[in-house]
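Novice: Just so you know, the protein sequences line up as chains A and B, in that order. The first sequence begins at 1 in this note's numbering and counts up by one. The second sequence begins at 1 in this note's numbering and counts up by one.
Bear in mind the hints are in silico, worked out from the structure with no lab data behind them. One or more of the hints may lead you astray.
Said to hold, decoys possible - Derived BS3-like pairs: lysine-lysine, alpha-carbon spacing no greater than 25 Å straight-line:
(1) 33/A <-> 373/B
(2) 404/B <-> 30/A
(3) 405/A <-> 490/A
As the list claims (entries may be wrong) - The calculated label-pair distances, taken between Cβ atoms and stated as ranges, are:
(4) 223/B <-> 536/A: 47 to 57 Å
(5) 583/A <-> 433/B: 30 to 40 Å
(6) 270/A <-> 223/B: 52 to 62 Å
(7) 430/B <-> 569/A: 52 to 62 Å
(8) 572/B <-> 267/A: 21 to 31 Å
(9) 223/B <-> 583/A: 13 to 23 Å
By construction, the Cβ of each residue, glycine as well, lies at the ideal position given by its N, Cα and C atoms.
Protein chains: 2
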Amino acid sequence: MKSIFKRLSLIAIGALTTVSIASAESELEKVMKERGLTQQDILAAAKTYTPSGGRDKYIVFSSGGQSGQVMVYGVPSMRILKYIGVFTPEPWQGWGYDDDTKKILAEGKIRGKQITWGDTHHPGLSETNGKYDGKWLVINDKANPRIAVIDLSDFVTKQIVVNPVFKSDHGGAFFTPNSEYIIEACQYGAPLDNNYHPMEDFAETYRGGVTIWKFDHDKGRILPEKSFTLELPPYMQDLSDAGKEASYGWGFTNSFNSELYTGGIEKGLPPFEAGCSRNDTDFLHVYNWKKLAELAKDDKNVKIVNGHRVVPIDVAVKNGAIFLIPEPKSPHGVDVSPDGKYIVVCGKLDTHATVYSWEKIQDLIKKKDFAGKDPYGIPILDMKKAMHCQAELGLGPLHNQFGKKWKNGEIYTSLYVDSQVVRWDYLTCKVEDRQNVNYNIGHLCGMEGKSEDPQGEYIIALNKLAIDRFNNIGPLHPQNHQLIDVSGKKMQLLYDMPIPLGEPHQAVAIRVDKLHPHVRYKMGTSAFTGETHVGKTLAGQEKIVRDGDHVYVYGTVVRSHINPEHVTVNKGDTVTFYLTNLERARG
Amino acid sequence: MKSIFKRLSLIAIGALTTVSIASAESELEKVMKERGLTQQDILAAAKTYTPSGGRDKYIVFSSGGQSGQVMVYGVPSMRILKYIGVFTPEPWQGWGYDDDTKKILAEGKIRGKQITWGDTHHPGLSETNGKYDGKWLVINDKANPRIAVIDLSDFVTKQIVVNPVFKSDHGGAFFTPNSEYIIEACQYGAPLDNNYHPMEDFAETYRGGVTIWKFDHDKGRILPEKSFTLELPPYMQDLSDAGKEASYGWGFTNSFNSELYTGGIEKGLPPFEAGCSRNDTDFLHVYNWKKLAELAKDDKNVKIVNGHRVVPIDVAVKNGAIFLIPEPKSPHGVDVSPDGKYIVVCGKLDTHATVYSWEKIQDLIKKKDFAGKDPYGIPILDMKKAMHCQAELGLGPLHNQFGKKWKNGEIYTSLYVDSQVVRWDYLTCKVEDRQNVNYNIGHLCGMEGKSEDPQGEYIIALNKLAIDRFNNIGPLHPQNHQLIDVSGKKMQLLYDMPIPLGEPHQAVAIRVDKLHPHVRYKMGTSAFTGETHVGKTLAGQEKIVRDGDHVYVYGTVVRSHINPEHVTVNKGDTVTFYLTNLERARG
Chain A
1 MKSIFKRLSL
11 IAIGALTTVS
21 IASAESELEK
31 VMKERGLTQQ
41 DILAAAKTYT
51 PSGGRDKYIV
61 FSSGGQSGQV
71 MVYGVPSMRI
81 LKYIGVFTPE
91 PWQGWGYDDD
101 TKKILAEGKI
111 RGKQITWGDT
121 HHPGLSETNG
131 KYDGKWLVIN
141 DKANPRIAVI
151 DLSDFVTKQI
161 VVNPVFKSDH
171 GGAFFTPNSE
181 YIIEACQYGA
191 PLDNNYHPME
201 DFAETYRGGV
211 TIWKFDHDKG
221 RILPEKSFTL
231 ELPPYMQDLS
241 DAGKEASYGW
251 GFTNSFNSEL
261 YTGGIEKGLP
271 PFEAGCSRND
281 TDFLHVYNWK
291 KLAELAKDDK
301 NVKIVNGHRV
311 VPIDVAVKNG
321 AIFLIPEPKS
331 PHGVDVSPDG
341 KYIVVCGKLD
351 THATVYSWEK
361 IQDLIKKKDF
371 AGKDPYGIPI
381 LDMKKAMHCQ
391 AELGLGPLHN
401 QFGKKWKNGE
411 IYTSLYVDSQ
421 VVRWDYLTCK
431 VEDRQNVNYN
441 IGHLCGMEGK
451 SEDPQGEYII
461 ALNKLAIDRF
471 NNIGPLHPQN
481 HQLIDVSGKK
491 MQLLYDMPIP
501 LGEPHQAVAI
511 RVDKLHPHVR
521 YKMGTSAFTG
531 ETHVGKTLAG
541 QEKIVRDGDH
551 VYVYGTVVRS
561 HINPEHVTVN
571 KGDTVTFYLT
581 NLERARG
Chain B
1 MKSIFKRLSL
11 IAIGALTTVS
21 IASAESELEK
31 VMKERGLTQQ
41 DILAAAKTYT
51 PSGGRDKYIV
61 FSSGGQSGQV
71 MVYGVPSMRI
81 LKYIGVFTPE
91 PWQGWGYDDD
101 TKKILAEGKI
111 RGKQITWGDT
121 HHPGLSETNG
131 KYDGKWLVIN
141 DKANPRIAVI
151 DLSDFVTKQI
161 VVNPVFKSDH
171 GGAFFTPNSE
181 YIIEACQYGA
191 PLDNNYHPME
201 DFAETYRGGV
211 TIWKFDHDKG
221 RILPEKSFTL
231 ELPPYMQDLS
241 DAGKEASYGW
251 GFTNSFNSEL
261 YTGGIEKGLP
271 PFEAGCSRND
281 TDFLHVYNWK
291 KLAELAKDDK
301 NVKIVNGHRV
311 VPIDVAVKNG
321 AIFLIPEPKS
331 PHGVDVSPDG
341 KYIVVCGKLD
351 THATVYSWEK
361 IQDLIKKKDF
371 AGKDPYGIPI
381 LDMKKAMHCQ
391 AELGLGPLHN
401 QFGKKWKNGE
411 IYTSLYVDSQ
421 VVRWDYLTCK
431 VEDRQNVNYN
441 IGHLCGMEGK
451 SEDPQGEYII
461 ALNKLAIDRF
471 NNIGPLHPQN
481 HQLIDVSGKK
491 MQLLYDMPIP
501 LGEPHQAVAI
511 RVDKLHPHVR
521 YKMGTSAFTG
531 ETHVGKTLAG
541 QEKIVRDGDH
551 VYVYGTVVRS
561 HINPEHVTVN
571 KGDTVTFYLT
581 NLERARG
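Okay, chain A solo, but in the shape it has when bound (with noise of 0.2 Å):
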């Protein structure tokens, strides 16, 4: 291979002295004329090309949206390696198909009824001292507010709960530092309870909240018994992060619709999202998840509500565990800085992301130095109080990520509007680097962006509207994830990669070190549950079982090979084939 590199240097020498030298034009040359390809190019493919057997730095875990499944990817290949089934059948993985899958799937029923599809939206990953683990991966299904928990030890979904009193949830699950609670924030306001309640009675009967899942760290396992809601006004309650280290054991969640509108653009009157963004601000709500679980323990602090425990607004505040802070106009991003001190919210119809101190908003609280009250009995913090700085990044700043030199404040945030990346300065507010990506951009996503631990290197940039940006496959575009290196001192795109089922909303990033999965299945074992399957048949223990007129099958199989061949049975009869997979040869 030595003539590749032999001939690049006549390249270098043409491209310095503008001579031709087409006689001697070297096999890249020749590829990157033929393809249209520039140097950034090239270098960009030195940087994301991974050669057979090779393996990524990074694996994302992104949601599928509608779905209703994890996508997995390598970085910086962006290859995609695994679908996971979650809310939705899937027969090539079995998923939904057998009687283990089919019990997972039950779980997610909403009062009876069984529901084929998600909206899975904010993947989260176990943390351990606010760092990532590698444990367990939870994700929302927005439409249908449920949880699942994926087991990382093979990929596969162990658990599904229902939300017993919201009705839609958009902000997804989100881990408290030592995956103790798992945060689920409501969308929507609506009834808590699942009676018919008129639109015209929103203020008074329609209920926000915060669902504190209780998490069962060792056994992967959301308990719901353990776990409760914090009642919150119908503010429309968006995204949540964890507080860790200086503000360990508080929770912050951001609302869009603190005018309490409910749109009736068919009456005359604005239409929803015009009414719902007149005020210049709306509320981040400053709640103490630790304070609140212990409080939720006493029969006396809940009502119960579906048979699921609510801290009542009331009670909260009585006990100072929630307090209101102005926020910009229709927030988006809630992102709590790797030590604790700061959280960065971006104002979706502003053009600032607003960096809070935790130090002025706990120093606020102790004095009860309190600007106001909201019509439910909030304390209200003052804004400019509570306030670090304001960078003006440009318009429609939604969610932010950390760097690695998250220290001296480098910090991401995606422009919905600009469809840029901005690289910035949260200690100081000041503007550092631009990257345009190609579309509307949503979501973002760095290496452990938001844990305790943000390692850089990367930023994806999600899409939010898809366009057209790869070979056309009729009108249904693909949604793209863009990857950008952000090493360097420019930030620089390095590649497209479609995504071919699904709208992902959000994506989380681990190191690939910190994930160990298994390499196989003890034999007999479902690769659903983990545990040994009723139909376990070793080689030589195959038989035909009737139970009446169900007939039950214990089989194995070696490759193609199977054990029996022939089953004969009655015209009517059930018929279950269990085949154990004596494969011992490792893929």
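Starting from the known structure of chain A, fit chain B onto it as the hints suggest.
Specialist: Okay, now just chain B, sitting in the frame of chain A:
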């Protein structure tokens, strides 16, 4: 960007002189060192990397296996663009979740039973004069014998037909050269009727066959009432190919169980796979579909089975429309050369590919020079007399694709056991080059490599057994499609592409410039049928209509603005929402 290449000259010098030039490390050299990339890797990267906004030269349609879908990706970027919903409901694109698509899925009911999965196997592209025309794609469901038609104007499935007489079909969907018909071969011999027949009567009452589906090329629909099946012995037909040019009007289908073995390992008999591989040869079926189509029009020549026209073996024999030729042991691929003069058959359990001469076959038929008859009365041609040459390729030859220089004999064959792609000459039967792949290969996909206009450039090697070539994501490995550059004298492996969903079996590739999908639908069009939707509603026409306890909402949407915003109904009502997208901006 001059700087990168300026420094590249230094690498080259370094490479030649082995002088350490650390101080002048170029950006590219640095990336190569960090990521462990060789010069060969950089060349492969340059041949596959597609910059932001770039387009691919070929589009591949791959079956999805048990996902029941079709996967669409670009070559050489190997980026997946879409999963087309076919036999399996998919919520993200609404497939199977609205009335229109439920209707199409309901066409696939088998004896009244809805089947929510499939095992898509062999995709076929519609042809005009033997060349791909980019209009229609068909795919078979091997598990539940069905064929689906996908419209390449919007990449949406438009029709599903159920095979009325088969119980399985492996050798999927093969177009005749002007898309007059689609050939679907039976796999496992079974009773053509739907009644019980004991396995002991296999040879007498079980049958194979080839269904010749009439296709309306303009409308893109299979016409079941104008279709028929050629009854065949239960030899377990496998793959097919339609004759071209010289052999136009004929079809070729091989088989792998001329032993008529049916297994019985549980009774101490040899396992099925051993028992059906005892003979040194099986049978290539050679039939005149043009003549059979004429015969099938006459009621005298057919029996009606399950409402479907079946041409019995004896009618076909009497009319000189069916012949058999021995072919080496359990063959898989049967592939007709672009000029129709040669038929290449790979004996899976033999080391050879056998090239048959159409001229010799025709001659033998004309002269009625038969070597004998099979037990079902079908004339057998002598293998040696029909043969052009035989190439010893290696262990486990499976499938063939023709190269750009097919006139000079260029052909590529996959070797399952040797895990290789072999380039050889089907005119001289000489082997020219071998490329190792990193797993047991099944099908291979050339660029239009089975049409009358093979493009060369690339071969894609599809794996049979998924092995550990990517980051560990648990025991279920991704499948793998390796891209091989075949444009040079030596083949070169370019890229490993993991398959995140499904288990592809075979793929077909077409030049992008042959595809002309819509960029948008007319307002109010069903995205599935392509026709005006019953719920079409323009701005200002929004209304709510009650019909008994069924409420129909005729609404409109522009991005996230929905009209109406409020719908009040009674408990127990059924509510149907029709939402017409009024967006005019093109994505």
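Novice: Lying within 52 to 62 Å: is that true of the beta-carbon distance residue 430/B to residue 569/A?
Specialist: This hint holds: roughly 54 Å between Cβ atoms.
Novice: Is 52 to 62 Å right for how far apart the beta carbons of residue 270/A and residue 223/B are?
Specialist: 54 Å, holds
Novice: Holds or violated: 30 to 40 Å for the Cβ distance of residue 583/A and residue 433/B?
Specialist: Once the Cβ atoms are compared, 33 Å apart, the range 30 to 40 Å for residue 433/B and residue 583/A holds.
Novice: Taking the beta carbons of residue 572/B and residue 267/A, is their distance inside 21 to 31 Å?
Specialist: 25 Å, holds
Novice: Measure nothing beyond the straight line between the CA atoms of residue 405/A and residue 490/A; if it is 25 Å or shorter, mark the hint as holding.
Specialist: Judged against 25 Å, a Cα distance of about 15 Å means the pair holds.
Novice: Regarding the pair residue 404/B and residue 30/A, is the alpha-carbon distance no greater than 25 Å?
Specialist: This hinted pair holds, its Cα atoms lying about 20 Å apart.
Novice: Regarding residue 223/B and residue 583/A, is the given constraint of 13 to 23 Å on their beta-carbon distance met?
Specialist: 44 Å, violated
Novice: Taking 47 to 57 Å as the stated bounds, is the beta-carbon spacing between residue 223/B and residue 536/A within them?
Specialist: 49 Å, holds
Novice: Given the proposed pairing of residue 33/A with residue 373/B, does the C-alpha separation stay at or below 25 Å?
Specialist: Measuring from Cα to Cα gives roughly 60 Å; hence the hint is violated.
The structure is inconsistent with the numbered hints 1, 9, although it conforms to all the rest.
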